[in-house]
Amino acid sequence: MLRCENLTQSYRSGTGMLTVLQDISFEVAPGEFVAIVGPSGSGKTTLLGLLAGLDRPAAGTVRLDGEELSGMDEDQRAALRGAKVGFVFQAYQLIPTLTALENVQVPLELRGESDASRARELLARVGLGDRTDHYPAQLSGGEQQRVALARAFCTRPKILFADEPTGNLDQRTGAGIIDLMTDLNREAGTTLVLVTHDPELAGRARRILRLADGRLVSDTPA
Amino acid sequence: MTLRALLRLAWREGRASRRRLLLLVAAIATGTAALVAINTFTANLRSAITVEARGLLGADLLLSSRSVPTDSLRALADSLACAGGSPCRERATVTTFGAMGYIPTRTGVRLVRVTAVEGAWPFFGEITTSPAGSWPRLQGERIALVDPAFLTALGASVGDTLALGELRLPIAGTVDHVPGDVGIATAFGPRVFIPGALVPETGLLGFGARAEYDTYLRLPAGAAVESIADSLRPRLRPERVRVRTVQDEQRSLGNALERLGRFLGLVALVALLLGGLGVASAIHVLIRQKMETVAVLRCLGGSSRTVFALFLVQAAGIGLLGSMLGAALGLGVEQALPRVLGDFLPVTVTPSVSWPALATGIGLGLWTAVGFALIPLLGVRRISPLATLRRPYETAGRPPRDRWIAVAIVALMLSVVLMAIVQADSLPRGLAFAGGIGVAIAGLWGAALLLVRSLRRWFPHRLAYVWRQGLANLYRPANQTVSVVLSLGFGTFLLATLLLVQHNLLRSLRVDGGSKRANLILFDIQPGQAAGVDSLLRARGLDPTPAVPIVPMRIQSINGKTAQDYSRDTTDVDGQPAGWALRREYRSTYRDSIVASERVTAGRWWGEGSDSAGAPASISVEAGLAEELGVSLGDEITWDVQGVPIPSRVTSLREVDWARFETNFFVVFRPGVLDRAPQTLVTLVRVDSASERGLVQRAVVERFANISALDLSTVQRALDDILGKVGAAIRFMAIFTLGAGLIVLLGALATSRAQRLRETVLLKTLGASRAQVIRVAVAEYLALGTLAALTGLVLALGSAWALAHWLFETQFAVPAAPMLLLAVGVVALTAGTGIWSSVDLFRRTPLDALRNE
Ligand SMILES: Nc1ncnc2c1ncn2[C@@H]1O[C@H](COP(=O)(O)OP(=O)(O)O)[C@@H](O)[C@H]1O
Ligand SMILES: [Mg+2]
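Those protein sequences? They're chains A and B, same order as listed.
For this note's numbering, add 146 to where a residue sits in the first sequence, where the first one is 1.
For this note's numbering, add 4 to where a residue sits in the second sequence, where the first one is 1.
One or more hints might be untrue.
So, partial list: chain B residues that the calculated Cβ filter (under 8 Å) puts toward chain A [stated by the list, open to error]:
1) 14
2) 15
3) 17
4) 19
5) 296
6) 297
7) 300
8) 306
9) 308
10) 389
11) 392
12) 393
13) 717
14) 720
15) 722
Pair by pair, the computed Cβ-Cβ distance ranges are [said to hold, decoys possible]:
16) 211(A) <-> 422(B): 47 to 55 Å
17) 832(B) <-> 262(A): 26 to 34 Å
18) 394(B) <-> 267(A): 45 to 53 Å
19) 276(A) <-> 462(B): 51 to 59 Å
20) 406(B) <-> 164(A): 39 to 47 Å
21) 394(B) <-> 225(A): 44 to 52 Å
Treat the hints as calculated values from the structure; they're not laboratory data.
Beta carbons are placed, not taken as given, at the ideal position from N, Cα and C, and that holds for glycine.
Please construct the entire structure, taking both the sequences and the accompanying hints into account.
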């Protein structure tokens, strides 16, 4: 499903180059639930960005569902994301000017599907069936993240990337989000890549990749 | 993504920011309204002129000359209009001349334009009189009709007796409307209508009197007027008879009015461009705020094109809505224009919708919104989806060059130049206008950037906290400094330029200026009357200037080549004299000394004495005329003085300050040859009080009926009146520009509102008082307003000076008080708006802020 080889990323910093990721290689099978853990600053977000094709690596390759990302331009990758990838972010990243329902609909609209029933269905599934017309500012953090989950799943993605999806939430709400995520994952058979620094959340994955200082230090089944 | 989905998403996305977007709509609407109003008005004016065309001339054909129509001309006219049948009712003769009119039983006298009508003129169009139906009484009855202004000036009423030279006529009524007449024309001299047969009884049209003799013809139905006129022109040119048709009249009138319309249209265009700038800067900030939205859309699979299109659709929506609204508004404003411009209009303009004007306005409004939005919008394509994971940070150094942004900027500039050329209907004027706008924008932009840069570098760290906070707002990210300075500065620039130009024009036209300058001109004095006039004036304690002789003459030949020779030359050669300069009548003088308002630029002034007998007379020619005629020192000009050829030689060229209202001449002769030529004299005198001026004129006119008097203070009032009205019309349009500037300011405030709200609430939570929050705003907007006002003023001074120096060729002076008032007004307006908005922000609770987008 997802395979990266010798991924390296570095940034220019004041005087020289700062290597943030070094030589990362691993593979994720379809339907797998993988957690990427590590201390803050270890390069988790950077890695996720590369895996999802949001950024280009300095070296190495990423293969997503059989397609080589480095060979694609920005718009081709956008099309790929629209078709196969879902996202959940730490800061929810709902569009503030759209209602909950409209936010969920966006990925469908981008593909040219204007039917709202799928979006409604998913909002009901995450328990927000009665909040469809509310704007993000009118929703709590947990509710916003649930909208984001509904948005991520509405296109039936093959793979879902989540970057610290519970980072801004209290423990109980966070756990609820993870429950939802795993349930949806199971129902749809989606591959799940979850970045977190919370060991308890990571414990729910079937496989844990551990990062430290930009290197992959361990790859263990949970 | 389908178009419908795109439109839907654009609508949804824009809906939440509709208040901000509505301000952009208003900015575009203001400019479009001004443009549509003025262009619709011009179109209506054009069609009114077409509809009333025949009435404008009152006939099919007009033959006019400066001398009494000869018998052969009359015969020719009759053969055209009546195929020789007599008496010919299709021919009318109107004689127009200046004379002093007064009411013997009342004080006061007025220089009037006498219009003596013989025949059924006007053949087309209706002259309205009160009492109604008085006009035909001029045929046969011994009565006069006058402009209402004449009665007002003399405090007279219908029924009084009018005195014109030796003629006495009862005033039977007033003439309220003559087709083709411009209201403002009576400011210089009210009209008096008398029967043509009574002209000799006035005794006024003796030697030297200037009169215009117009022969109006109604041609048989179906006559080919234009081709008749074309065949008449070469035949009548040697006799100095001008041939005019309805079409000529329409064309020249249309041209003159269209020029005014075009100028006002350019002012309107400025308002529209200002709205465009507002859109550009608001979208620039909006895009920064939408960075995360864009990144999310990109994450979710939107291509850079889709996202770009999404926001472009919004800009187009703003443009369409704004320009449609503006068009509707413009049609409303158009109703007011005839009232503002009424006195300049010879026709009644009925407001009606002009589709081309409407379409042009909407098109230009739409393009302005989209074109200006395009530049900031292109940046959307570069926003990376990575921004969803990590807050975007300002990249150090410049963003990578984007070829498309350069293309968009060039396209936008070209389109502005094109709009200016189309609106001005002239390549050089359009270019000059666009160039002027470019310089002004560059100046304002530069000043704003300079402020931002220098604040960042030399920040006044020692100021009190609130001032530091306010000034820091000017350069922090997403600041509105450039857009506010640009919009308000431009408004200030435009208004100040208009004020300065008007002030300087009025100043240069101060004909009654100075407490010692002469303010009464007596002319058409016969040589035999000069001594009498002089003693009459001195007996009243006045000190007139020595009478200056005036000899009317025409050019017979230059260096042996006659005017006819020149007009036969078809090839356009350099140095070929201009037609008008060859054919016009010259009113020359002779004297042995040079006067204060002139300066010899080439050759030498003659000394005492006269030229030796038989030699050509020495003349001094005004430099500009010499250029028109293509003559230089040593060239010979032979003059036709009442049929007598007088040879002369150019011995000097002079520069003349025509702005000085004195007796100035194109051609001055050395005394000698002209001493005994038929001539009239002019004398100038200073009479302090207005009432005494009236009495003096009356005394002169009662003794010497043929002498005319021009009261310069009356002329001054007329000039002031005209310039004031033109100024009012222009300011009316300029208001739109200032309005657009204000809307941009409001837009800027609304755009940065979310950010401000957070800060205000934060400051409030941290214990800032209301006064402190307001002072922060005062500091910021005071600085903005001051910069905008000052830069606008400096630019205006530059442009007004340039206009005065090169276009109007007048001295330049700055009226301090109005300029200061304008500057203070702009600063106060800016600061006031800023304070108002921050007071409003202060009222909001912190929760509001957290909930707000
Ligand atoms: N654009 C960038 N320029 C320079 N350094 C960066 C940039 N993005 C991330 N970094 C650095 O890379 C390292 C890894 O960051 P990140 O992937 O966000 O870590 P994590 O998500 O594990 O906390 C950090 O030290 C961060 O400072
Ligand atoms: Mg991270």
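- In ascending order, which of the hints set out earlier in this document are inconsistent with the structure? 1, 2, 13, 14, 15, 17, 18, 20 and 21
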